[in-house]
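S.K.: Line order of the protein sequences matches chains X and C.
Mapping of the first sequence onto my numbering: position 168 corresponds to residue 168, and the numbering continues sequentially without gaps.
Mapping of the second sequence onto my numbering: position 119 corresponds to residue 119, and the numbering continues sequentially without gaps.
Hints were generated in silico from the structure; no laboratory data involved.
Heads up, the beta-carbon is just placed ideally off N, CA and C, and yes, glycines get one too.
Among the hints, erroneous ones may be present.
Unchecked claim - Simulated restraints on C-beta separations:
1. X:Ser70 <-> C:Pro422: 22 to 30 Å
2. X:Ala53 <-> C:Arg534: 27 to 35 Å
3. X:Leu97 <-> C:Gly193: 24 to 32 Å
Claimed, not checked - Which residues of chain C face chain X? A few of them, derived with a C-beta cut under 8 Å, are:
4. Val61
5. Val94
6. Leu97
7. Met105
8. Gly111
9. Lys121
10. Ala516
11. Asp518
12. Lys617
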Amino acid sequence: MTEKTTHEIKAEKGGMNPYYAGVLLGATLLFSYLILGAGLGASSGIARVGAQAALLFSPARTLASDYFGSWGPHPLRYYLAFMLAGVFFGGLISALLAGRWDFSVERGGKCPPGKRLLLALVGGVLAGFASRLANGCTSGQALSGSALLLTGSLLFLIFLFAGGYAVAWFVRRQWDD
Amino acid sequence: MIETFFANGTLDTPAAFLTSLIIGILFGVALEQAGFGSSRRLSGIFYFRDMTVLKVMFTAVVVAMLGICYARAFGWVTMENLYSLHTFYGAQIVGGLIFGAGFVMAGWCPGTGAVGMASGKVDALVFLLGGAVGSILYNEVSPVLGWLTSADRGVVFAYDSLGVSRAVFVFSFTVIAVGCFWGAEYVERKGQGRGEHLGTPFLKAFSVILVVGAFGLLAVPEAPLVASSGSSAVLQEAGVLTGLEAGSDHMEPWELADRLLAGDRSMVLVDIRTPGEFAKFHIRSALNIAVTALPDLLAPHKNNGLIVLYSNGMTHPAQVRDSLFRLGFGNVCFLTDGLKGFLDACLKPVSLRAEPVSPVLAVKINAWRAFFLAPVLAGETTAAAAATVPDLGSLTLPGMVETQWLNMNMGTPGVKIVDLRPQAEYNAGHIPGSMSLNLESLRGLVNGLPSTLLPAVMLAEHFSMMGVRPTDLVVLVCTDKRQDGTLVGMACERLRHGNYALLRGGFSKWVAEKHALDTILPSIEPFQYPVPDRPETFTVTAKEVLAAMGRPGTVILDVRPGDYFTGKKQDEARGGHIPGAINRPFNEDVTKTDTYTEIKSVDALESAYGKLIPTKKTPLIVHCRTGHQASQTFFILVRLLGYTDVSWYDAGWTEWAARPEFPVAKP
Chain X
1 MTEKTTHEIK AEKGGMNPYY AGVLLGATLL FSYLILGAGL GASSGIARVG
51 AQAALLFSPA RTLASDYFGS WGPHPLRYYL AFMLAGVFFG GLISALLAGR
101 WDFSVERGGK CPPGKRLLLA LVGGVLAGFA SRLANGCTSG QALSGSALLL
151 TGSLLFLIFL FAGGYAVAWF VRRQWDD
Chain C
1 MIETFFANGT LDTPAAFLTS LIIGILFGVA LEQAGFGSSR RLSGIFYFRD
51 MTVLKVMFTA VVVAMLGICY ARAFGWVTME NLYSLHTFYG AQIVGGLIFG
101 AGFVMAGWCP GTGAVGMASG KVDALVFLLG GAVGSILYNE VSPVLGWLTS
151 ADRGVVFAYD SLGVSRAVFV FSFTVIAVGC FWGAEYVERK GQGRGEHLGT
201 PFLKAFSVIL VVGAFGLLAV PEAPLVASSG SSAVLQEAGV LTGLEAGSDH
251 MEPWELADRL LAGDRSMVLV DIRTPGEFAK FHIRSALNIA VTALPDLLAP
301 HKNNGLIVLY SNGMTHPAQV RDSLFRLGFG NVCFLTDGLK GFLDACLKPV
351 SLRAEPVSPV LAVKINAWRA FFLAPVLAGE TTAAAAATVP DLGSLTLPGM
401 VETQWLNMNM GTPGVKIVDL RPQAEYNAGH IPGSMSLNLE SLRGLVNGLP
451 STLLPAVMLA EHFSMMGVRP TDLVVLVCTD KRQDGTLVGM ACERLRHGNY
501 ALLRGGFSKW VAEKHALDTI LPSIEPFQYP VPDRPETFTV TAKEVLAAMG
551 RPGTVILDVR PGDYFTGKKQ DEARGGHIPG AINRPFNEDV TKTDTYTEIK
601 SVDALESAYG KLIPTKKTPL IVHCRTGHQA SQTFFILVRL LGYTDVSWYD
651 AGWTEWAARP EFPVAKP
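Work out the full structure, taking the sequences as your base and the hints as a guide.
M.R.: Written as structure tokens, this is what we have:
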């Protein structure tokens, strides 16, 4: 038996049985399909925040652009922007109730915070870009699209893991304790 | 049937926003409870350290997948009511690879990042900021990514891609997912001494429940129907099953070919593929009807004669058949092996067949080939369905039809010719079979606004009295005023009647080409034209124009003659134009020949409007004085040039000038 690090113990503390959590998540997704007629989504909300920011800096140029322009002058008036806000509040409520709220930079003990934040930033840029290219992220494509058995969504899921495993080795040190 | 926000087109309403917020909260709670407020845990899957991501994600996908399959089987939803993302192979493969790299670097994905931020993780906040930057980056470079993003395959299902039935795919997927759960627990036990669920009664029971759930769908292949105990659906489902057993739910290709060849009038053949596919090739006499419109449009044939559905394969029509059955259609069947099977069984030349062909069959094949592959003669009415609905495959609708086409098709009952010239001129001679309509009868005083197009319910009454059916092609004939035709076109648009066309060159060209005329009133069979359940959204009010005025990016297009735009001439309370509006007089869009006036060529219009309006997606509002002239501009922009976001301010300058609180600009 290996000794558990404090981080691992913390992660396990109060965590729901993952299969129950999966059923809860699946039920939420099903509910979304039956009521909204659309699945879950998160990256759209982030992209619309990006579009709103771009509109503040240069409205004319943004409205004339191909992609953001098609969202009009009020990109945040979109159901997925509201869903992202809900995700934040849901996460906040759950984290506070479970005592998991923790102001920190999550990283391995030997990884300087700056390096970890840089990786998070670069990862964010890549994920933000890729989710626009693929028209969805883990939520919209891998989860929601796969539940409808859509070919493109399942391909996205497969290649997501392919990309992740290909790069995993190079960034493993950030988790070293 | 659940009316989803998506199906009602109301995803952009406050009610949908509130619902999304609540669903988002549930989503956030589920992610946080799964432990996804931790990037260390999320990235664990890439090091086989912590397989929670796999367990949660696959469980969620299987639960939602089975739930949707059952909801469909119970008739609660159809795929048309669900927003299904399109497949783009290149974009999704490359996107998946890049996304996976970003995911493992950051330890976050967008949804979990929001939860991480809510859990106080600074790295999650930085990740989300990066995500917004990445989105902006995409916006900047998207014009050069066309090679990846342009190949839209539409909604593609994995089971179709693999050529298996849906039930088999769902079952296999579930079994693989369950296998992955056991594998994940095993990996955790070997590597970390964890995997606490491995071999527990809990995991065994959980696995059995999922597999049995998936097996339930497998029990009735192609049509995953599960008789719910004691529900009213049982009888209906029993009917479906009886039909399956008796084989009366499908028709063999050779039988269809023979019946069509013999001109069997008791049968309606419906092609449920896309209009694009239909235009390329379809079985002769087939109607092309979108799946969502089937219940309405097939209502006259409900339990009357035989309705035969077909698509490329069999899965889709089989599902549609079952759905129609639940709506009370007991006379629907589908073509065995679909169009592909039909081509193989009936139309493949004898010389290309591997199997031996008897002389009798060879004669039949040649007869079928001659009949089904012959260019369809316009106006022919040999086949049953062609008698009720014209072959519109060659037309782009809404759009324009040529006088030649009308000359050949004017006898077909599904073609309704509407003459908009003054009554006296109609009486003196008109296109045979045409009806006379005074276009002023379609507009009037609505909410205090004079000369506005009547509400859909009243327009539907007018169409009913004209005997127009939703499948009919309405051909609009006018004098040299194209806007008369396009205004009736707006009535069609409001009724979501896409099958309308203007006669190119109008009555003048018809006469100049010496086509037939008569003075006989056509006999009309009244029909209750359905009021569309979703109102149109292209008509805007003064309030919406006012809101758009200050909005950068929205173009207000005033199509009145230049002198009225500048205020030099005025017939209303005030002269001038809406501040910020640009002027493109409607009469600059038409050109005169010796005999008639017609809308200019698409190329000429493309270049003229290309100079005025940034892109075809630019939000536009067109208006004139009463909505009449602007209807022509609307038709040109939307129907001929493909602009996607055009609104029509029907009340126009009549209202704007007469309300002192609205601002007016004069150069």
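S.K.: Each of the hints needs a verdict: does it hold here or not?
M.R.: Do the hints match the structure? See the list:
For the pair X:Ser70 and C:Pro422, the beta carbons lie near 44 Å from each other, so the given range of 22 to 30 Å is not met. At roughly 34 Å, the beta carbons of X:Ala53 and C:Arg534 sit within the given window of 27 to 35 Å. With their beta carbons about 30 Å apart, X:Leu97 and C:Gly193 fall inside the hinted range of 24 to 32 Å. Look at C:Val61: its Cβ gets to within about 5 Å of chain X, closer than 8 Å, so that hint holds up.
At about 7 Å, the closest approach between the beta carbon of C:Val94 and any beta carbon in chain X falls short of 8 Å, and the interface hint on this residue holds. Checking C:Leu97 against chain X: minimum C-beta separation of about 4 Å stays under 8 Å; hint holds. Annotation: interface hint on C:Met105 holds; nearest CB of chain X at approximately 3 Å, less than 8 Å. Of the supplied interface hints, the one on C:Gly111 holds, with its beta-carbon coming within about 4 Å of a beta-carbon of chain X, less than 8 Å.
Of the supplied interface hints, the one on C:Lys121 holds, with its beta-carbon coming within about 5 Å of a beta-carbon of chain X, less than 8 Å. Hint on C:Ala516 is violated. Least Cβ distance to chain X is approximately 48 Å, over the 8 Å limit. Evaluation of the C:Asp518 hint against chain X yields a violated restraint, the C-beta minimum of about 50 Å exceeding 8 Å. Hint on C:Lys617 holds. Least Cβ distance to chain X is approximately 5 Å, under the 8 Å limit.
The earlier numbered hints that this structure contradicts are 1, 10, 11.
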